[in-house]
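*Asks:* Given the sequences, and given the hints that come with them, work out the whole structure.
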Amino acid sequence: MAKKKVSTQKTQRFDLKDLPCIKEKEVKIKKTYNYRENVILKVEKLAKENEVPVGDLISDILDKFIS
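Residues in the sequence shown are numbered consecutively from -11, following the working numbering.
Calculated from the structure, these hints are not laboratory results.
Please note that a few of the clues may not be correct.
To be verified - As a list, the in silico DSSO-like pairs of lysine-lysine whose alpha-carbon atoms are at most 30 Å apart:
| id | residue 1 | residue 2 |
| --- | --- | --- |
| 1 | Lys52 | Lys30 |
| 2 | Lys52 | Lys19 |
| 3 | Lys19 | Lys30 |
| 4 | Lys19 | Lys36 |
| 5 | Lys52 | Lys36 |
*Replies:* Spelled out as structure tokens, the structure:
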């Protein structure tokens, strides 16, 4: 009998309410095999929606989560 494939996808939540340029309070990104690509696409989408340069948004996110 074949084993069922069990999904191990998890969703990682990022709290961005302290960032001045973001309107959304929380961002959810599914952790899959292409997680890095999902993060990049989500950041690009957020930057476009909030009319902020991608570089500024990435800088703000890094400052928040690394400091």
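*Asks:* Taking each numbered hint in turn, which are not upheld by the structure, reported in ascending numerical order?
*Replies:* Violated: none.
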